[in-house]
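Full structure from sequences and hints, please.
Add 3 to the 1-based position in the sequence shown for this note's numbering, that's all there is to it.
What the hints contain is simulated information worked out from the structure, not anything from laboratory work. We put the beta carbon where it would ideally sit given N, CA and C, even for glycine. Don't take each hint at face value.
Stated by the list, open to error - Think about it this way: if two alpha-carbon atoms lie no more than 25 Å apart in a straight line, the pair counts; the simulated DSS-like pairs of lysine-lysine are:
hint : residue 1 : residue 2
1    : Lys394    : Lys349
2    : Lys349    : Lys280
3    : Lys349    : Lys458
4    : Lys394    : Lys458
5    : Lys536    : Lys450
6    : Lys278    : Lys237
7    : Lys450    : Lys529
To be verified - Simulated restraints, written as ranges between beta carbons of each label pair:
hint : residue 1 : residue 2 : range
8    : Cys466    : Arg318    : 26 to 32 Å
9    : Ala78     : Met274    : 55 to 61 Å
10   : Arg114    : Met274    : 28 to 34 Å
11   : Pro141    : Arg404    : 52 to 58 Å
12   : Leu282    : Arg404    : 29 to 35 Å
13   : Gly81     : Ala105    : 15 to 21 Å
14   : Gly75     : Phe117    : 36 to 42 Å
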Amino acid sequence: MERRLPRLMPMPGPAAATSDSYQVYQVDDSSSISSTTGKATSSRKRRRQVSAACANCRKRKERCDDKRPTCGACARRGAICNNGTKDDDSSLTTTLKSRNAALLHENAQLRDLFAVLRGISPAHGHEVLTHLRAADDPIRALKTIYEAPLLLSRPASSSVSELLDPRLERLELLALQESPIRVDARPWTAVAGDGLVSELISSFFIWDDAFLMPMIDRDAFLADMRSGNIANAKYCSPFLVNAICASRCQYRFAAYEMFHRLDVEATYSAMRYDKAKALERRILSRLAWGLFCFESIVAHVYLEISMLPPPTIPRHFERPSGIFSHGLARTPNVDMFGNRHTRQSKSPPFVPGAIHLACDVALMLYSSMQWNMEYEGSYGSEEDLRVRRRKLDEVREWRGRLPLNLQYDVNFTPQTYYLSAFTNEVIISILRPLPPLTEIEPGTTAKALCLSCCKIDTDNMDCFVRTYSLHDYTILTLCGVYNSILILVFHMADPAAQPLFAEASRLILDTSNDFPMSRFILQSIKAMSWRLKVPLPAAARPYYDNLGNAKESLRHVPISFALPAQTPVQKVLTHSSAQKERAEDMGTLLTKWSAMSIG
Numbered sequence: 004m005e006r007r008l009p010r011l012m013p014m015p016g017p018a019a020a021t022s023d024s025y026q027v028y029q030v031d032d033s034s035s036i037s038s039t040t041g042k043a044t045s046s047r048k049r050r051r052q053v054s055a056a057c058a059n060c061r062k063r064k065e066r067c068d069d070k071r072p073t074c075g076a077c078a079r080r081g082a083i084c085n086n087g088t089k090d091d092d093s094s095l096t097t098t099l100k101s102r103n104a105a106l107l108h109e110n111a112q113l114r115d116l117f118a119v120l121r122g123i124s125p126a127h128g129h130e131v132l133t134h135l136r137a138a139d140d141p142i143r144a145l146k147t148i149y150e151a152p153l154l155l156s157r158p159a160s161s162s163v164s165e166l167l168d169p170r171l172e173r174l175e176l177l178a179l180q181e182s183p184i185r186v187d188a189r190p191w192t193a194v195a196g197d198g199l200v201s202e203l204i205s206s207f208f209i210w211d212d213a214f215l216m217p218m219i220d221r222d223a224f225l226a227d228m229r230s231g232n233i234a235n236a237k238y239c240s241p242f243l244v245n246a247i248c249a250s251r252c253q254y255r256f257a258a259y260e261m262f263h264r265l266d267v268e269a270t271y272s273a274m275r276y277d278k279a280k281a282l283e284r285r286i287l288s289r290l291a292w293g294l295f296c297f298e299s300i301v302a303h304v305y306l307e308i309s310m311l312p313p314p315t316i317p318r319h320f321e322r323p324s325g326i327f328s329h330g331l332a333r334t335p336n337v338d339m340f341g342n343r344h345t346r347q348s349k350s351p352p353f354v355p356g357a358i359h360l361a362c363d364v365a366l367m368l369y370s371s372m373q374w375n376m377e378y379e380g381s382y383g384s385e386e387d388l389r390v391r392r393r394k395l396d397e398v399r400e401w402r403g404r405l406p407l408n409l410q411y412d413v414n415f416t417p418q419t420y421y422l423s424a425f426t427n428e429v430i431i432s433i434l435r436p437l438p439p440l441t442e443i444e445p446g447t448t449a450k451a452l453c454l455s456c457c458k459i460d461t462d463n464m465d466c467f468v469r470t471y472s473l474h475d476y477t478i479l480t481l482c483g484v485y486n487s488i489l490i491l492v493f494h495m496a497d498p499a500a501q502p503l504f505a506e507a508s509r510l511i512l513d514t515s516n517d518f519p520m521s522r523f524i525l526q527s528i529k530a531m532s533w534r535l536k537v538p539l540p541a542a543a544r545p546y547y548d549n550l551g552n553a554k555e556s557l558r559h560v561p562i563s564f565a566l567p568a569q570t571p572v573q574k575v576l577t578h579s580s581a582q583k584e585r586a587e588d589m590g591t592l593l594t595k596w597s598a599m600s601i602g
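Shown next, in the form of structure tokens:
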């Protein structure tokens, strides 16, 4: 059998030869043969490596060229390819690595928590366990435990036994469960545990921040407080947290001195057009306008003008929706977090725009008190009456343009109640200096208008007590009835005013367990009746019996707050010098009694 041998190609000429060891020879079938140091290999282009085939190619076990959006194999078959939606392999790998690292870190933290519980003493372990039981996140709880060494090493003392008291533990847990805002007490304060501190912080933002003290930006404050990092916190500090927890102890003069040092308006102006400083501008605006509203309310208690002038920077409070428009449907109430208010909400209803309108009222009150303090003529003169009537018309027109959801008789909420009482305070400040029988408009006297305000404020507080109870509330709840009783005490001889006087007295006494100063208010009203030589109405007398000097219930109040004996008070009031008419007001009486009780 003849053996077939491959045909040899002719030897290339000199031009084809190269000094390189790598040579290429042409063959008649147009194929290429490469020779590298005497070894021939195919020069065909290598197939591109594919890291992950599409779903169809994997299922059919077929080679995939990984073209996007459709690979070649799927294109030939007319099948739908998933390459267009397939995640990039590198990003997927990065995501998986990050997730794995996070899980490893969390696992290490949980092991640390286990080590803490295993190595701690039984007494301290019980406290840490109570802390964990009340927390929402075990990792955050572990961070708090590490940042609060008192939880890990606390000397044996009576405080430990108190914390181990099951009654206090139950109170702590109950307070935490009922609080809409939950925060860790440490490292910010050691006055109480997480439950009670959360309840105090929640109460402040539900009641005081809603109208009386809206100078703290809640979101920025809570974000810093929940971070638990004192060093990096910008809008929260241990001092501020403790001040909120003890917010009934007010240091006005020191606070205003610090406010002036901050030079808020200049700081605001410097960042006015900086888009990156929107949060800082909002916080500064809330501070300036919130303090102005607060000071306006407090200063009126002493019949004085606000120590802080109106701010010149814009307001950053939420504006009312459909302001001054009755044609729009009522805007629904919200809870403290801005969600629609329901029966299941843990806070009373909030009305968007209420604080913005409170700034309007504070401006009107400032204007009225400024006239009262600076007018050098006689109260009740033609010039004086012209100005007061104009100011009264401004208040009425403003109130008449309120949206429906901000009118107390349409939508009764704590905020609409406070807004109504604050507005009536402006009206009373306009009318109070006038003789009672001064005719403001045909057939209407200053006395009649003041008694009308007293009726509204007293009825509204009674409605508040029946609707929201006196379980948790703010001192501002007393504002309207406090203004009312200072008016009614001068008209006790009028039978028409006596039922209102008795009702106002009852409501003030009902708050004495929470605000011991309420007893002092009633004692001062009793002293004023002696000065006026008008007996208390029979219906009101039960509320003035057994007031004493309130020492039994004022164990935590300085002794200088206690009123002196009744006879010296009566003597001082009887021989008081006749100054202006406002010398008989509550502010003057409290000042005299405070001076007498210092010794």
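Consistency of the hints with the structure:
Among the hinted pairs, Lys394 with Lys349 is inconsistent with the structure: their alpha-carbon atoms are about 40 Å apart, more than 25 Å. A hinted pair counts as satisfied when its Cα atoms are at most 25 Å apart, and Lys349 with Lys280 does not qualify at roughly 33 Å. About 31 Å separates the Cα atoms of Lys349 and Lys458, which puts this hinted pair outside 25 Å; it is violated. Proposed proximity of Lys394 and Lys458 is supported: the alpha carbons are some 21 Å apart, at most 25 Å.
Pair hint Lys536 plus Lys450 holds up; C-alpha atoms about 20 Å apart against a cutoff of 25 Å. In summary, the hint linking Lys278 to Lys237 is supported, as the alpha carbons are separated by about 19 Å, within the 25 Å threshold. For the hint linking Lys450 to Lys529, the alpha-carbon distance of about 21 Å falls within 25 Å, and the restraint holds. Under the hint 26 to 32 Å, the C-beta atoms of Cys466 and Arg318, about 29 Å apart, fit the expected range.
Restraint check, Ala78 to Met274: a C-beta distance of roughly 58 Å satisfies the suggested window 55 to 61 Å. Remark: the range hint 28 to 34 Å for Arg114 to Met274 is contradicted by a beta-carbon distance near 46 Å. Taken as a hint, the range 52 to 58 Å holds for the pair Pro141 and Arg404, whose Cβ atoms sit roughly 53 Å apart. For Leu282 paired with Arg404, a C-beta distance near 32 Å keeps the hint of 29 to 35 Å intact.
One distance hint, 15 to 21 Å for the beta-carbon pair Gly81 and Ala105, is violated here, with the actual separation near 43 Å. In this structure the hint that Gly75 and Phe117 lie 36 to 42 Å apart at CB is violated, the actual value being about 55 Å.
Figure legend: structure checked against the earlier numbered hints; hints not met, in rising order: 1, 2, 3, 10, 13, 14.
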